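Q: Chain residues, written in single-letter form:
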Amino acid sequence: MKETKKWDTRKTDYHERMNAAAPYIRNGKVVASGDTIKVLEAVIRPFDRVNIEGNNQKQADFLANCLVKCDTKRIHDLHMVQSAVPLAVHLDMFDVGIAKKLDFAFGGPMAARVATAIKEGKLELGAIHTYLELFARYFMDLTPRVSLICAYEGDASGNLYTGFNTEDTPAIAEATKFRQGIVIAQVNKLVDKISRVDIPGDWVDMVIESPKPFFLEPLFTRDPGGITDTQVLMAMMAIKGIYAEYGVKRVNHGLGFNTAAIELLLPTYGEELGLKGKICTEFALNPHPTMIPAIESGWVKSIHCFGGELGMQKYCEARGDVFFLGPDGTMRSNRAFSQTAGHYAVDMFIGGTLQIDKYGNSSTATANRVAGFGGAPNMGCDAKGRRHSTEAWLKCGAEFTSQSEYLGTMPRGKRLVVQMAETFGEKMVPLFVNELDACKLAKNANLPLPPIMIYADDLTHILTEEGIAFLHKCRGLEERMAAIRGVAGLTEVGLPAKPSETRALREKGIIKTVDDLGIDISRANRSLLAAKNIRELVDWSGGLYDPPARFRNW
Amino acid sequence: MGKQLKELNFEFKAETPKDFPVGFLHYGVVGSGDMEVIMEKKALNGAVNIKVVTPVTGFDEVWRRVLERFVSETGISNASLEINDCNATPVVVSLRLRQALSEIG
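Each protein sequence line maps, in turn, to chains B and R.
Under our numbering, the first residue of the first sequence is numbered 1, with each subsequent residue one higher.
Under our numbering, the first residue of the second sequence is numbered 1, with each subsequent residue one higher.
These aren't lab readings, by the way, just hints derived from the structure by calculation.
All values derive from a computational prediction rather than experimental measurement.
Wrong hints could be hidden among the right ones.
[Said to hold, decoys possible] What the simulated footprint calls covered on chain R by chain B, stretch by stretch (three residues with Cβ under 8 Å from a Cβ of chain B suffice, anywhere in the stretch; the number is not a length):
no.	stretch
1	10-20
2	79-91
3	94-103
[To be verified] Reference listing, derived: stretches of chain B covered by chain R, where coverage requires no fewer than 3 residues with Cβ under 8 Å from a Cβ of chain R:
no.	stretch
4	221-230
5	417-424
[To be verified] Anything over 12 Å on all C-beta distances counts as not near chain B; from chain R, calculated:
no.	residue
6	30
7	42
8	45
Beta carbons: idealized from backbone N, C-alpha and C, even for Gly.
Construct the entire structure; sequences and hints are all you get.
A: Shown next, in the form of structure tokens:
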């Protein structure tokens with residue numbers, strides 16, 4: 001029987017909430033910053049699903065600081081759905097009872113507090129996602145009722161300029177607004193005419209000029225001065241043993257010194273090996289300052305960015321053939337699209353991790369830190385929906401021994417997924433362990449399953465100073481485990497390795513050591529880096545790169 | 001006061017020994033996370049003596065394995081080595097020792 005029911009309750013609810021806020025909205029959509037707490041109390045209801053924009057780079061910190069000060073009698077038990085919780089205020093929200101439940105992707109510096117809040121029963125964890133996975137749920141079952149976003153500029157009609165740091169804003173605003181939700185933006189500056197419309201005014205209900213510009217974290221800046229000789233050696237192994245071997249052109253690099261070393265060896269060691277134009281031509285990547293020498297040397301055709309990076313704006317604008325620029329001339333980043341590119345269109349993901357277990361599963365979680373995933377799992381996996389081919393993807397697929405067990409003789413490609421780390425990290429913390437700390441964390445924080453960054457069945461290569469293990473070439477779990485032992489050094493996983501077994505794997509081409517790769521170890525030296533410090537990066541950029549103060553040590 | 005240093009002593013013999021080709025070699029810098037090694041030719045009946053001075057405790061077995069492997073892989077013999085360590089990881093130790101040897105071809 002056909003149900004008689006109202007079909008516009010969301011719209012009615014939207015108008016009720018907006019009416020409550022109406023006294024504070026003047027001159028179009030403008031709210032004075034001093035009225036922010038009052039408008040939040042007017043439009044947010046207990047148990048609402050609320051998004052505070054913030055990822056690992058930009059933060060709607062003013063709105064977050066206002067939300068936490070709201071009257072807990074009026075606003076409590078919110079269900080926060082947000083990319084990241086890197087600010088103290090994000091967790092204060094749970095301490096005071098404004099928020100109760102959390103669905104997120106990245107914990108960052110608050111990882112330990114997330115674990116504590118779960119244990120103390122203050123925070124009910126929905127799930128830990130990847131960015132793309134969380135965005136997907138914004139359009140499925142986790143649509144925000146109210147979203148608090150941030151932009152560089154806004155006008156009285158609600159148009160926003162998010163520019164260089166567009167990042168997550170379009171995905172959040174679209175999901176919220178088209179389900180009759182409320183979108184409130186903090187902007188650094190209210191202007192008459194914005195530089196470029198990144199978010200149309202129709203999608204935005206209120207614009208607030210914040211007393212201070214939004215917080216930005218230069219997360220992807222690595223000072224080449226911190227790169228060690230060991231990292232140079234491993235970067236040489238990566239370039240010769242993987243990039244050159246497969247002709248890897250389309251790449252994502254994780255953050256860290258290992259991949260920074262690779263970036264800085266392209267114009268020196270890479271050029272020497274004759275690889276220019278053959279590898280590393282297109283990237284889904286944040287604007288890493290350590291990419292400057294490779295870009296200046298003509299290696300790179302295209303880079304699409306997840307987000308901006310502090311100090312890189314002018315440089316990106318001046319390299320319009322490489323970066324994605326708007327008609328106004330400034331770069332636009334977009335996390336949802338860049339993650340999609342990273343998932344479907346890269347040949348290889350290469351990044352670091354904290355721990356790898358004896359089977360090849362890896363995690364950045366420790367027993368008392370809910371670190372989250374960010375974007376790595378979407379790039380560090382074999383995109384099963386991929387149908388276009390490239391040389392690297394086909395070669396890796398052809399080597400993938402166990403594929404025929406499912407596909408018979410049908411050919412299929414495979415993404416290269418590489419974990420690169422030293423067998424012992426800082427303070428002699430071992431990379432390889434029999435059981436991941438993620439398993440302890442799952443027990444401690446009552447998670448339904450251990451948070452795994454990259455599963456062993458997606459991982460194709462492990463690169464340590466001991467050598468490269470070509471895991472996808474292995475036949476079965478036993479051989480994979482032997483290959484992992486063979487590059488695990490003196491860790492508890494590596495100690496039981498049998499020299500005869502490792503030798504046999506080297507003969508099969510499943511393990512390749514520095515000697516097997518024909519790399520001259522005496523050249524593994526910082527002098528091979530195209531830039532040895534931040535100052536030299538500035539020089540390479542012709543003065544366009546403007547590093548944040550904390551990286552200016554000259 | 002500086003941290004207490006610990007001295008470790010090892011002796012190894014390579015299966016396929018190669019004589020140490022020069023009289024004396026110094027390599028590396030005792031910077032944080034790094035080490036220096038002094039290698040000296042010495043008639044030790046084919047053996048290698050290694051003295052390690054390190055601030056790190058509890059990793060004697062790791063040192064033994066790293067050094068034993070270095071000796072067996074390179075075949076170094078009739079030499080006395082002194083390592084002054086400043087919290088180098090096993091990776092750095094292996095790298096520096098191999099780099100030191102490659103200095104003399």
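Q: Taking beta carbons only, do three or more residues of the stretch 417-424 of chain B come closer than 8 Å to chain R?
A: holds (count 3)
Q: Are all C-beta atoms of chain B more than 12 Å from that of residue 42 of chain R?
A: holds (24 Å)
Q: Under 8 Å between beta-carbons, do enough residues of the stretch 79-91 of chain R, three at least, approach chain B for the coverage claim to hold?
A: Three-residue rule met by the stretch 79-91 of chain R, so holds; n is 3.
Q: Examine the stretch 94-103 of chain R: at least three residues should have C-beta closer than 8 Å to a C-beta of chain B.
A: holds (count 6)
Q: Quick check: do three or more residues in the stretch 221-230 of chain B have a beta carbon closer than 8 Å to a beta carbon of chain R?
A: holds (count 3)
Q: Should the label of residue 30 of chain R as a non-interface residue stand, given a Cβ cut-off of 12 Å to chain B?
A: holds (15 Å)
Q: Would you check chain B against the stretch 10-20 of chain R, counting CB to CB pairs closer than 8 Å, and say if three or more residues qualify?
A: violated (count 0)
Q: Taking the shortest Cβ-to-Cβ distance between residue 45 of chain R and chain B, state whether it exceeds 12 Å.
A: Fine: 25 Å to the nearest Cβ keeps residue 45 of chain R off the interface.
When held up to the earlier numbered hints, the structure conflicts with hint 1 and nothing else.
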